[in-house]
Amino acid sequence: MLEIKNVHKTFGKNEILKGVDLTIDKGDVVVILGPSGSGKTTLLRCINFLERADEGTASFDTIQVDLHNASKKDILAIRKKTAFVFQNYNLFNNKTALENVAEGLYIGRGLKKEEALKISKEALNRVGLAEKYDAYPSQLSGGQQQRVGIARAVALNPDIILFDEPTSALDPELVGEVLTVMKDIAREGTTMLVVTHEMSFARDVANRVIFMDGGNVVEEGTPHEIFVQPKEERTKRFLQRVLPDDYSYHI
Amino acid sequence: MGFIDWKFLIDTFFVALSGVPVALLVTVISLLIAVPFGFFLALSRIYEIPVLNSFAKLYISFVRGTPIIIQIFVLYATIPLLLNGLFEKYEIDYPIYEINPLWYAFIIFSFNTTAVLIEVFRSALQTVSKGQIEAAHSVGLTTWQAYRRIIIPQALVAAMPNLCTATINLIKATSLGYAISLQEITLKAKVEANFGYNYLEAYLDIFIVYLLICIAVEYLFKWYEKRLSRYQLRLV
Chain F
296 MLEIKNVHKT FGKNEILKGV DLTIDKGDVV VILGPSGSGK TTLLRCINFL
346 ERADEGTASF DTIQVDLHNA SKKDILAIRK KTAFVFQNYN LFNNKTALEN
396 VAEGLYIGRG LKKEEALKIS KEALNRVGLA EKYDAYPSQL SGGQQQRVGI
446 ARAVALNPDI ILFDEPTSAL DPELVGEVLT VMKDIAREGT TMLVVTHEMS
496 FARDVANRVI FMDGGNVVEE GTPHEIFVQP KEERTKRFLQ RVLPDDYSYH
546 I
Chain S
16 MGFIDWKFLI DTFFVALSGV PVALLVTVIS LLIAVPFGFF LALSRIYEIP
66 VLNSFAKLYI SFVRGTPIII QIFVLYATIP LLLNGLFEKY EIDYPIYEIN
116 PLWYAFIIFS FNTTAVLIEV FRSALQTVSK GQIEAAHSVG LTTWQAYRRI
166 IIPQALVAAM PNLCTATINL IKATSLGYAI SLQEITLKAK VEANFGYNYL
216 EAYLDIFIVY LLICIAVEYL FKWYEKRLSR YQLRLV
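Residue numbers (the numbering used here), protein chains in the order written: chain F, 296 to 546; chain S, 16 to 251.
No wet-lab data here; the hints were simulated from the structure. Since the model is a prediction, treat every value here as computed from it, not as a measurement. The beta carbon of each residue, even a glycine, is placed where N, CA and C say it ideally should be. Treat the hints loosely; a few may be bogus.
Claimed, not checked - Heads up, simulated SDA-like pairs for lysine to any residue below, C-alpha to C-alpha not over 20 angstroms straight-line:
(1) S/Lys241 <-> S/Ile148
(2) F/Lys376 <-> S/Thr158
(3) F/Lys368 <-> S/Thr157
(4) F/Lys390 <-> S/Glu240
(5) F/Lys408 <-> S/Thr157
(6) F/Lys308 <-> F/Gly332
(7) S/Lys72 <-> S/Ser138
(8) F/Lys375 <-> S/Ile148
Said to hold, decoys possible - Take a look, some chain S residues computed to stay more than 10 angstroms from chain F by CB distance:
(9) Phe23
(10) Ile64
(11) Arg79
(12) Ile94
(13) Pro110
(14) Trp118
(15) Ile122
(16) Ala151
(17) Ile165
(18) Pro168
(19) Ile186
(20) Ile228
(21) Cys229
(22) Trp238
(23) Tyr246
Model the full assembly from the supplied sequences, consistent with the hints where possible.
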């Protein structure tokens, strides 16, 4: 469904992405792991044109675009097929939860207002925020804000949702509620590309795990392949650092 | 307080009041002209658009670095000369030196206010985090839609206190219009005082009129700011 090829991106003198390829099929839940600075987030941002890649192509079903010099029309077309969940939630501060979700439907997609609101309410119900339609982001906890962020993405019914470290900015006790929502929507068949440090999510929910380091994809496979039988030395070292000692016994 | 002529004080108060419409007209028209230009140039500064950015910087330094009264004199002296040359070239027969000073006031005060507003808008727009426009883009809004629905409403809240200050400064600055015979508050009261040398009373009247207008404007802005910022969490 989504095929990304040879993505390069340099910030100043730092080469962040050194030719990354990625293929995602419908219904996939792909988790990207890797140490910080490995280019995971940048890759995600390049797919949605929040960052302009220096080189690379993306083919999205029938749409073919050059990631470096895509036209405004192409960018809008890709953005209509994707949705993005941000690390810092990035909810619209001047809009209520309901308006946050409806904005993209009503303004971006041009739906009628009643229809946009109906879909938005359903999306908020799905993430367990039926009571918070009229709350502004400043009145919500981090976990609630991120669930609104997920509802905002889900409501657009995109072909794929890109998650950029969705739980990294949360207090530890709020991580659970967000992961639960993500698991729910994954089970419903949503295609997801997730950058995260939550190993439990990668292990339990993903059907494919990609390990990135230094701007390259180092290793790719099922969670079992990556967590239990990693082939590459770099993957092993990374997992040793981030996993609790007794982790391997769990599997 | 025997040295104050109370009857004159009260009569002149109403004369000064009769200058309020002109003062407010100049203020409102200047703001209406300055807001779009100021906003546009603020964007050029933020996005560092080559020529416009340098132009805006120069323009701001020029306006900030010179007294308004001198700007008034310079523009009041040069505009007729420029127009004269233009009118002669195109053989337009119009008495340049009979142009209503109101037109000069519009030009001078918009010129001045635009420079002030560029910086007001620039700082306000920069308070809105980059994530807001990214989120708007990610849900399929165009940049223009993002600005209209997300960025500007938030920036406006941040701009309100400075916008209020700029407006009040502008209202007070219109008193310099007396230098180009603009029929505003200060000129009218001063003319009244000229007859019997009741300057103290006239100045007191001018003082009170400006004070009343500025207090009213301040309350108006406060009320509007409160309305606009309903979404913000109140910490106190």
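Here is how each hint holds up against the structure:
no.: 1; hint: S/Lys241 <-> S/Ile148; verdict: violated, 24 angstroms
no.: 2; hint: F/Lys376 <-> S/Thr158; verdict: holds, 18 angstroms
no.: 3; hint: F/Lys368 <-> S/Thr157; verdict: holds, 10 angstroms
no.: 4; hint: F/Lys390 <-> S/Glu240; verdict: holds, 16 angstroms
no.: 5; hint: F/Lys408 <-> S/Thr157; verdict: holds, 18 angstroms
no.: 6; hint: F/Lys308 <-> F/Gly332; verdict: holds, 14 angstroms
no.: 7; hint: S/Lys72 <-> S/Ser138; verdict: holds, 14 angstroms
no.: 8; hint: F/Lys375 <-> S/Ile148; verdict: holds, 16 angstroms
no.: 9; hint: Phe23; verdict: holds, 52 angstroms
no.: 10; hint: Ile64; verdict: holds, 18 angstroms
no.: 11; hint: Arg79; verdict: holds, 31 angstroms
no.: 12; hint: Ile94; verdict: holds, 42 angstroms
no.: 13; hint: Pro110; verdict: holds, 52 angstroms
no.: 14; hint: Trp118; verdict: holds, 39 angstroms
no.: 15; hint: Ile122; verdict: holds, 35 angstroms
no.: 16; hint: Ala151; verdict: violated, 7 angstroms
no.: 17; hint: Ile165; verdict: violated, 5 angstroms
no.: 18; hint: Pro168; verdict: violated, 5 angstroms
no.: 19; hint: Ile186; verdict: holds, 29 angstroms
no.: 20; hint: Ile228; verdict: holds, 31 angstroms
no.: 21; hint: Cys229; verdict: holds, 29 angstroms
no.: 22; hint: Trp238; verdict: holds, 18 angstroms
no.: 23; hint: Tyr246; verdict: violated, 4 angstroms
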